[in-house]
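There are 2 protein chains.
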Amino acid sequence: MTPDGEDVRAADGVWFEPLAPGSFLNRSASVFGDRVAVIDGERRFTYGQLLDRSRRLAGALIEVGAGRGERVAVLAPNSHVLLEAHFGVPLSGSVLVALNTRLTAEEFAYILDHSEARVLVFDVEFAETARRACDIATTRPRLIEAGGEDDAYESALSSAQPTEVPVPDERAPLSINYTSGTTGKPKGVLYHHRGAYLQALAMAFHARLEAASVFLWTLPMFHCNGWCFPWAVTAAGGTHLCLRRLEPAAIWRLISTQGVTHFNAAPTVLTMLAYDANAHPVSHRIRVCTGGAPPSPTLLERMDALNIDITHLYGLTETFGPAAMCEWRPEWDELPLADRARIKSRQGVANVISAPLRVLDSDGADVPPDGATLGEIALRGNNVMAGYYRDAEATERATPKGWFRTGDIGVMHPDGYVELKDRAKDIIISGGENISTVEVEQALCSHPAVLEAAVIAIPDDRWGEVPAAYVTLKDDASASEADIIEHVRGRIAHFKAPKRVEFGPLPKTSTGKIQKFVLREAAWAGRDKRIV
Amino acid sequence: MTPDGEDVRAADGVWFEPLAPGSFLNRSASVFGDRVAVIDGERRFTYGQLLDRSRRLAGALIEVGAGRGERVAVLAPNSHVLLEAHFGVPLSGSVLVALNTRLTAEEFAYILDHSEARVLVFDVEFAETARRACDIATTRPRLIEAGGEDDAYESALSSAQPTEVPVPDERAPLSINYTSGTTGKPKGVLYHHRGAYLQALAMAFHARLEAASVFLWTLPMFHCNGWCFPWAVTAAGGTHLCLRRLEPAAIWRLISTQGVTHFNAAPTVLTMLAYDANAHPVSHRIRVCTGGAPPSPTLLERMDALNIDITHLYGLTETFGPAAMCEWRPEWDELPLADRARIKSRQGVANVISAPLRVLDSDGADVPPDGATLGEIALRGNNVMAGYYRDAEATERATPKGWFRTGDIGVMHPDGYVELKDRAKDIIISGGENISTVEVEQALCSHPAVLEAAVIAIPDDRWGEVPAAYVTLKDDASASEADIIEHVRGRIAHFKAPKRVEFGPLPKTSTGKIQKFVLREAAWAGRDKRIV
Numbered sequence: 011m012t013p014d015g016e017d018v019r020a021a022d023g024v025w026f027e028p029l030a031p032g033s034f035l036n037r038s039a040s041v042f043g044d045r046v047a048v049i050d051g052e053r054r055f056t057y058g059q060l061l062d063r064s065r066r067l068a069g070a071l072i073e074v075g076a077g078r079g080e081r082v083a084v085l086a087p088n089s090h091v092l093l094e095a096h097f098g099v100p101l102s103g104s105v106l107v108a109l110n111t112r113l114t115a116e117e118f119a120y121i122l123d124h125s126e127a128r129v130l131v132f133d134v135e136f137a138e139t140a141r142r143a144c145d146i147a148t149t150r151p152r153l154i155e156a157g158g159e160d161d162a163y164e165s166a167l168s169s170a171q172p173t174e175v176p177v178p179d180e181r182a183p184l185s186i187n188y189t190s191g192t193t194g195k196p197k198g199v200l201y202h203h204r205g206a207y208l209q210a211l212a213m214a215f216h217a218r219l220e221a222a223s224v225f226l227w228t229l230p231m232f233h234c235n236g237w238c239f240p241w242a243v244t245a246a247g248g249t250h251l252c253l254r255r256l257e258p259a260a261i262w263r264l265i266s267t268q269g270v271t272h273f274n275a276a277p278t279v280l281t282m283l284a285y286d287a288n289a290h291p292v293s294h295r296i297r298v299c300t301g302g303a304p305p306s307p308t309l310l311e312r313m314d315a316l317n318i319d320i321t322h323l324y325g326l327t328e329t330f331g332p333a334a335m336c337e338w339r340p341e342w343d344e345l346p347l348a349d350r351a352r353i354k355s356r357q358g359v360a361n362v363i364s365a366p367l368r369v370l371d372s373d374g375a376d377v378p379p380d381g382a383t384l385g386e387i388a389l390r391g392n393n394v395m396a397g398y399y400r401d402a403e404a405t406e407r408a409t410p411k412g413w414f415r416t417g418d419i420g421v422m423h424p425d426g427y428v429e430l431k432d433r434a435k436d437i438i439i440s441g442g443e444n445i446s447t448v449e450v451e452q453a454l455c456s457h458p459a460v461l462e463a464a465v466i467a468i469p470d471d472r473w474g475e476v477p478a479a480y481v482t483l484k485d486d487a488s489a490s491e492a493d494i495i496e497h498v499r500g501r502i503a504h505f506k507a508p509k510r511v512e513f514g515p516l517p518k519t520s521t522g523k524i525q526k527f528v529l530r531e532a533a534w535a536g537r538d539k540r541i542v
Numbered sequence: 011m012t013p014d015g016e017d018v019r020a021a022d023g024v025w026f027e028p029l030a031p032g033s034f035l036n037r038s039a040s041v042f043g044d045r046v047a048v049i050d051g052e053r054r055f056t057y058g059q060l061l062d063r064s065r066r067l068a069g070a071l072i073e074v075g076a077g078r079g080e081r082v083a084v085l086a087p088n089s090h091v092l093l094e095a096h097f098g099v100p101l102s103g104s105v106l107v108a109l110n111t112r113l114t115a116e117e118f119a120y121i122l123d124h125s126e127a128r129v130l131v132f133d134v135e136f137a138e139t140a141r142r143a144c145d146i147a148t149t150r151p152r153l154i155e156a157g158g159e160d161d162a163y164e165s166a167l168s169s170a171q172p173t174e175v176p177v178p179d180e181r182a183p184l185s186i187n188y189t190s191g192t193t194g195k196p197k198g199v200l201y202h203h204r205g206a207y208l209q210a211l212a213m214a215f216h217a218r219l220e221a222a223s224v225f226l227w228t229l230p231m232f233h234c235n236g237w238c239f240p241w242a243v244t245a246a247g248g249t250h251l252c253l254r255r256l257e258p259a260a261i262w263r264l265i266s267t268q269g270v271t272h273f274n275a276a277p278t279v280l281t282m283l284a285y286d287a288n289a290h291p292v293s294h295r296i297r298v299c300t301g302g303a304p305p306s307p308t309l310l311e312r313m314d315a316l317n318i319d320i321t322h323l324y325g326l327t328e329t330f331g332p333a334a335m336c337e338w339r340p341e342w343d344e345l346p347l348a349d350r351a352r353i354k355s356r357q358g359v360a361n362v363i364s365a366p367l368r369v370l371d372s373d374g375a376d377v378p379p380d381g382a383t384l385g386e387i388a389l390r391g392n393n394v395m396a397g398y399y400r401d402a403e404a405t406e407r408a409t410p411k412g413w414f415r416t417g418d419i420g421v422m423h424p425d426g427y428v429e430l431k432d433r434a435k436d437i438i439i440s441g442g443e444n445i446s447t448v449e450v451e452q453a454l455c456s457h458p459a460v461l462e463a464a465v466i467a468i469p470d471d472r473w474g475e476v477p478a479a480y481v482t483l484k485d486d487a488s489a490s491e492a493d494i495i496e497h498v499r500g501r502i503a504h505f506k507a508p509k510r511v512e513f514g515p516l517p518k519t520s521t522g523k524i525q526k527f528v529l530r531e532a533a534w535a536g537r538d539k540r541i542v
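Heads up: the protein sequence lines correspond to chains P and W, in order. Going by this note's numbering, the first residue of the first sequence is number 11, and it counts up by one from there. Going by this note's numbering, the first residue of the second sequence is number 11, and it counts up by one from there.
Read the hints as simulated data drawn from the structure, not as lab findings. These numbers come from a predicted model, not from an experiment. Cβ coordinates follow ideal geometry from the N, Cα and C atoms, glycine included. You may find that some hints are simply not true.
What the hints assert, rightly or not - A partial selection of chain W residues facing chain P, derived with a Cβ cut-off under 10 Å:
1) 152
2) 365
3) 392
4) 395
Can you build the whole structure from these sequences, using the hints too?
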């Protein structure tokens, strides 16, 4: 439209191109075709090869029934397979469902059914669980096993027709990321191409990625699609250094031998690295983005001594990962460590493509920016999910008055930076992973001796926070702490099981509602925030 | 739309935000509110002030009749006024027309009329020309004079109501940049918000702008809206260092005293700087983007010695400035200077948000990527103009089969990098500014003694290339070279006048068409490209 309202649509085809993160691979394959895109153990693929393999994956997926709008699930560690899936699945026109590798077969089955996945690509490491999940599930996805002696994935790629289905609409679905929400069952967070494209650009910009970057995959790629870094690193033409297992010694070896310049990880992982026997100051500056919990002053000091620069990011699965960041001002470099650490622990401000964060009171009005008044953090913008997949009601509930409510409780500082003070009441973030307290409570209550149960987060030196259970047993019934934990571990992923169980009556309101805040107050006594 | 086609529009308001470069100022005002955004001589404005002033400018413009879809022209050097206009004009809902300060009153009048500008903001430095232009023009814009003793601009801002008109549609018009096209009259290149937003992000990313950046405004802001750097520098929260005049001594002083980290300039300007008496190696690395002509090996060597890193960009007014860049590979750093210079002289590849460049033969097919076959460079994507303002026919002509034809002649190298070999036949780029040969020819032919004339570019040590005229006089008429040049200077901007005039018959085809290539071959003999 011209200022006069005159239509210039004749030229529309020239100047409108859907925003889709797959375009970054096309560009890097053309510009950096013979540069190394992926290192995964002994395997190396150039950008030319990564594009070719992704196109072949698209062809192979279509051959077995995937295609426009179908879902393709992938169960793999941070390997070249999962990275290729971030390009190949969209190239087939399908929607990527990257599975959290720590879940149980029952949980995988639920997601396969809910997403009606047509294909499940899995790494040989997870073969048993994958097959068991498919036995449980109603959906019957076609299986493609990657790795092992008889590598079906590689065979499929070799024989496939390289394919590229155009993106019809930049707001079309790109991926579904299942998350433990505040209800027991995982919810499918729907990402669109436009959001991932913009978020990837923001990450490339803020992390200062470039062609010389070597990005180590410590952050799970299944986690919010790796905060969109599969696309961000590719946009910059950097090298993806895959990492199948979080072993500190291996990470330190890769840092030394491969010239790692960037990685992302929760503070718990950073702490593990900082105090590993192999830890040593790095000869070049490494940029690390962290999130899920604020980095502690001790950790920041230790990392700085190792020549590792920490940026604190904040976001949720619903916001394509980090929608906010503790944007650093050059003048803060001069402050004493304690002050720097205090500032850096704040979740901060919108990233360059995000809309401004708000902190809302119970009436939906902004709290005063006094650094003291608590409110709920709310977001909107191009990097907020299109909705929960097949759950219009939950989508509506999560986004009252056009703002996505994070459930996180925080304050707005006078300088416009947000700081979290408490988690959403029903979410625990342990080592960077979400745990739904409701889900754990349901698993607890399925024990025949349990009358009722409440789960809260308690502080933990290693994981930041972990679930603790408060349980009332039925009259005349008995069960030990170990019994209860074992029971839960048989039903949901191990990392979700309570680390501690206390028995006794639960504190309740006069109307009989469990008062979790009473439990939390006791567990977090002496701390000014209820997050670690 | 979900994979099932289920509509999730309930959440649309949450996750869709129009892409508009003005949002970068809102973010920086919130994040970096008290940091210095603008330095213009003795004046300094923080990001908070820049937003406030831009909102006031919007209010002031609406008071004098601007508003949704109206055009506001600005005639100013690279001052805080022109920078504020890049935010304030869109905030009023109006469309910015930044005028090339080197044009004549007649040319300004044409643009004011063609754009039907409702308001003309002008710097006191251009008061006389501005008033004369308004006398000539049919349109009667409201005038706002900036600077001088009785600073109407500042008064208007002081009394204005801060205003912010929301962007209705990301593809709505943002600005019109008048360019000398291949016809005599300037064409209005229409920019939309979406394109400028994405181009600004690409520039911020590639130039590695950050909050600590100090960007010196050597590139005219009227030139493709300063390659979208008014928005890019603001997105990064860097400091805009205004510069009213290209004086090498002043530039070197600012580099030393203000800690300049970035600037953009044509190679002619860089050469001027490199050989200035004040030139000295800078204590920190400076990143410079250049364009309009390839930087010479001598210049690159000299700049490197001064600790200035050069990135070569390529684009046109029609592509929001640099749609392409000579993307640098880390491994090239090791090459000998001659090889680095040869590679760096290439116009390169699409920037991170551009669609891939093509080089097309006369049938519209891609030429082979052999580094030898000539073709026309063609572009499409989000950073291609919405069209020529009020010239649907020219828009159609410029974009056959959905590709914008640059008119530039080049080759595609085997590694996917494009290299220009010749200019569009009717465009001369002299010191970074476009000159239409047709326009100069028309001015020549208006001389009573001239029968016919042809203008081509000839190489020039200072300006890269300059216009030269080949003129046939009427029978019995006479005129000297000086007469002819003087005549042209009386009609069009001085920089467009031919630097040399040769008299005699013009080479023609059998059907009477002037064979400019014969003139060019003689003028460029012994060079392998026809651009400098």
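Here's how the hints hold up against the structure:
1. With 10 Å as the threshold, the beta carbon of residue 152 of chain W stays out of range of chain P, its nearest partner Cβ sitting at about 17 Å, so the hint is violated.
2. Hint status for residue 365 of chain W relative to chain P: holds, with the closest Cβ pair at about 6 Å, below 10 Å.
3. Proximity of residue 392 of chain W to chain P holds as hinted, the smallest CB-CB distance being about 5 Å (cut-off 10 Å).
4. For residue 395 of chain W, the shortest C-beta to C-beta distance to chain P is roughly 6 Å, which falls under 10 Å, so the interface hint holds.
Comparing the model with each numbered hint stated earlier shows that hint 1 is the single one that does not hold.
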